[in-house]
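Chains A and B, in that order, give the protein sequences.
All residue numbers for the first sequence refer to the numbering used here, where the first residue is 1 and numbers rise by one.
All residue numbers for the second sequence refer to the numbering used here, where the first residue is 1 and numbers rise by one.
A few of these clues could be false.
[Unchecked claim] Pairs of lysine to any residue residues, derived as SDA-like cross-links and limited to a Cα-Cα distance of at most 20 Å, are as follows:
{"no.": "1", "chain 1": "A", "residue 1": "48", "chain 2": "B", "residue 2": "149"}
{"no.": "2", "chain 1": "A", "residue 1": "143", "chain 2": "B", "residue 2": "49"}
{"no.": "3", "chain 1": "B", "residue 1": "4", "chain 2": "A", "residue 2": "91"}
{"no.": "4", "chain 1": "B", "residue 1": "142", "chain 2": "A", "residue 2": "143"}
{"no.": "5", "chain 1": "B", "residue 1": "139", "chain 2": "A", "residue 2": "51"}
{"no.": "6", "chain 1": "A", "residue 1": "48", "chain 2": "B", "residue 2": "93"}
{"no.": "7", "chain 1": "B", "residue 1": "41", "chain 2": "A", "residue 2": "151"}
{"no.": "8", "chain 1": "A", "residue 1": "4", "chain 2": "A", "residue 2": "143"}
{"no.": "9", "chain 1": "A", "residue 1": "48", "chain 2": "B", "residue 2": "152"}
{"no.": "10", "chain 1": "A", "residue 1": "156", "chain 2": "B", "residue 2": "50"}
{"no.": "11", "chain 1": "A", "residue 1": "92", "chain 2": "B", "residue 2": "76"}
{"no.": "12", "chain 1": "A", "residue 1": "143", "chain 2": "B", "residue 2": "41"}
{"no.": "13", "chain 1": "B", "residue 1": "139", "chain 2": "A", "residue 2": "4"}
{"no.": "14", "chain 1": "A", "residue 1": "92", "chain 2": "A", "residue 2": "110"}
{"no.": "15", "chain 1": "A", "residue 1": "143", "chain 2": "B", "residue 2": "139"}
[To be verified] To spell it out: a stretch of chain B is covered by chain A in this simulated footprint if at least three of its residues, at any positions, have a beta carbon under 8 Å from a beta carbon of chain A; those stretches are:
{"no.": "16", "stretch": "60 to 66"}
{"no.": "17", "stretch": "84 to 93"}
{"no.": "18", "stretch": "145 to 152"}
{"no.": "19", "stretch": "167 to 176"}
{"no.": "20", "stretch": "201 to 210"}
Everything labelled a hint here was simulated from the structure, so no lab data went into it.
Ideal placement from N, C-alpha and C gives every residue a C-beta, glycine not left out.
For reference, the chains in residue letters:
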Amino acid sequence: MALKLHGIPMSTCTTRVLTCLHEKGLDFELVPVNLFAGEHKQPPFLAKNPFGQIPVLEDGDLTLFESRAITAYLAEKYKETGCDLLRHNDLKEAALVKVWLEVESQHYHPAIYQIVYQFFVLPLQGKTADQAIIDVNLEKLGKVLDVYEARLGTTKCLAGDFYSLADLHHLSYTYYFMKTPWASLINSRPNVKTWWEDISSRPAFKKVAEGMTFGEK
Amino acid sequence: MVMKVYGPVRAACPQRVLACLVEKGVEFEVVHVDLDSGEQKRPDFLLRQPFGQVPVVEDGDFRLFESRAIIRYIAAKYAEQGPDLLGKSLEEKAVVDQWLEVEAHNFNELVYTLVLQLLILPRMGERGDLALAHTCEQKLEKVFDVYEQRLSKSRYLAGDSFTLADLSHLPAIRNLVKEAGMAHLVTERKSVSAWWEDISNRAAWKNVIELAA
């Protein structure tokens with residue numbers, strides 16, 4: 001029975017999982033969820049994710065939500081296939097992957113999320129972006145990127161000299177961020193820029209990026 | 001060599017790590033970090049943790065930060081001793097991960113903001129934003145409704161056993177209930193109440209509270 005992913009091709013969190021599925025070369029079915037009709041907030045969907053959010057993965061009779069738990073599950077289940085995203089053969093490397101997974105989750109995400117939300121999502125709802133919120137978060141993101149710049153001066157990727165799930169988790173939001181007027185936050189930091197160009201040019205991500213059409217007419 | 005945990009025992013994120021260490025019966029040494037004087041933002045500490053936050057652990061010459069990464073490492077390294085905090089099968093582990101993510105993304109920020117506005121800022125002599133605190137409280141009501149629904153069907157968040165998913169909530173809920181005057185969020189919900197009674201009375205957690213007293 002194939003993997004079923006409920007979500008949409010332009011969603012940041014859905015594409016986090018799609019990228020992982022492609023890195024692992026897995027067969028799956030993408031089941032669209034009609035966000036504009038509020039499908040995700042209605043009882044049939046809420047039975048899958050009580051928080052009413054996409055994506056949701058169904059693997060036989062296992063249902064999972066939270067994109068970062070889904071990618072961790074896929075990376076673990078298929079650890080012998082495709083790209084080694086978790087470094088499961090080395091406890092220390094695996095732990096360092098976990099550190100930078102948390103850094104993305106706790107430091108990078110909160111800042112970049114606000115910028116992407118204000119710039120891309122609000123206009124879709126007919127609202128105006130709040131520049132004050134954007135400015136505060138640009139400053140926060142800048143500080144986080146300073147830490148990344150120093151880190152990536154010592155290692156090729158975040159957890160070490162190897163691509164891992166920690167790098168992958170950054171792709172979707174950063175891709176949209178690079179379409180905003182503030183892409184210079186990445187481009188002005190040489191190590192971060194090199195890392196970004198490297199990870200975003202991986203075939204698995206390029207495939208997924210084709211569907212990431214937020215902000216395009 | 002004993003594992004070193006850098007951070008004050010009173011802070012929530014170090015407590016998350018200490019709870020895990022005590023559950024697993026792992027020896028450790030706490031190295032106090034004086035947050036009030038900004039020790040965590042000074043250059044020598046930034047070498048340990050570039051974001052200037054606690055906790056940091058040093059396991060021999062292996063250093064880690066981010067409390068949720070640390071507890072996963074400890075639970076994996078000491079999988080053979082103490083209670084199983086990770087789950088056995090791949091599916092069980094995935095569900096533990098799912099609820100850890102829920103704690104990190106749907107729960108933590110609301111509690112953090114609320115505690116910041118109601119407790120921490122006033123302690124520092126600044127004004128807390130009560131309207132913001134109230135908004136967080138209302139959102140937390142909805143989150144706890146989801147937890148109530150889950151815990152009415154499952155003894156613990158990830159299934160029949162206590163795991164990292166439950167452990168990760170201990171410091172924040174303790175802050176809500178004991179310090180921020182938000183006990184009603186728990187007590188008004190039957191299954192959440194029973195779950196909280198259970199997990200907050202675990203010997204390991206009580207041990208951590210004693211250390212922090």
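For each hint, the structure was consulted:
1. A:48 - B:149: 13 Å, holds
2. A:143 - B:49: With a Cα-Cα distance of about 14 Å, the restraint between residue 143 of chain A and residue 49 of chain B holds, given a limit of 20 Å.
3. B:4 - A:91: Roughly 18 Å between the alpha carbons, so the hint for residue 4 of chain B and residue 91 of chain A holds.
4. B:142 - A:143: The given pair, whose Cα atoms are some 33 Å apart, is violated under the 20 Å limit.
5. B:139 - A:51: Distance ~12 Å between residue 139 of chain B and residue 51 of chain A Cα, so the pair holds.
6. A:48 - B:93: 18 Å, holds
7. B:41 - A:151: The hint holds at about 17 Å.
8. A:4 - A:143: Distance ~38 Å between residue 4 of chain A and residue 143 of chain A Cα, so the pair is violated.
9. A:48 - B:152: 16 Å, holds
10. A:156 - B:50: Between residue 156 of chain A and residue 50 of chain B the Cα gap is close to 18 Å, so the pair holds against 20 Å.
11. A:92 - B:76: 11 Å, holds
12. A:143 - B:41: 13 Å, holds
13. B:139 - A:4: Not satisfied, since the Cα-Cα distance of roughly 30 Å exceeds 20 Å.
14. A:92 - A:110: 27 Å, violated
15. A:143 - B:139: Not satisfied, since the Cα-Cα distance of roughly 29 Å exceeds 20 Å.
16. 60 to 66: Since 4 is at least three, the answer is holds.
17. 84 to 93: holds (count 3)
18. 145 to 152: holds (count 3)
19. 167 to 176: Violated - the stretch 167 to 176 of chain B has 0 residues with a Cβ nearer than 8 Å to chain A, which falls short of three.
20. 201 to 210: violated (count 0)
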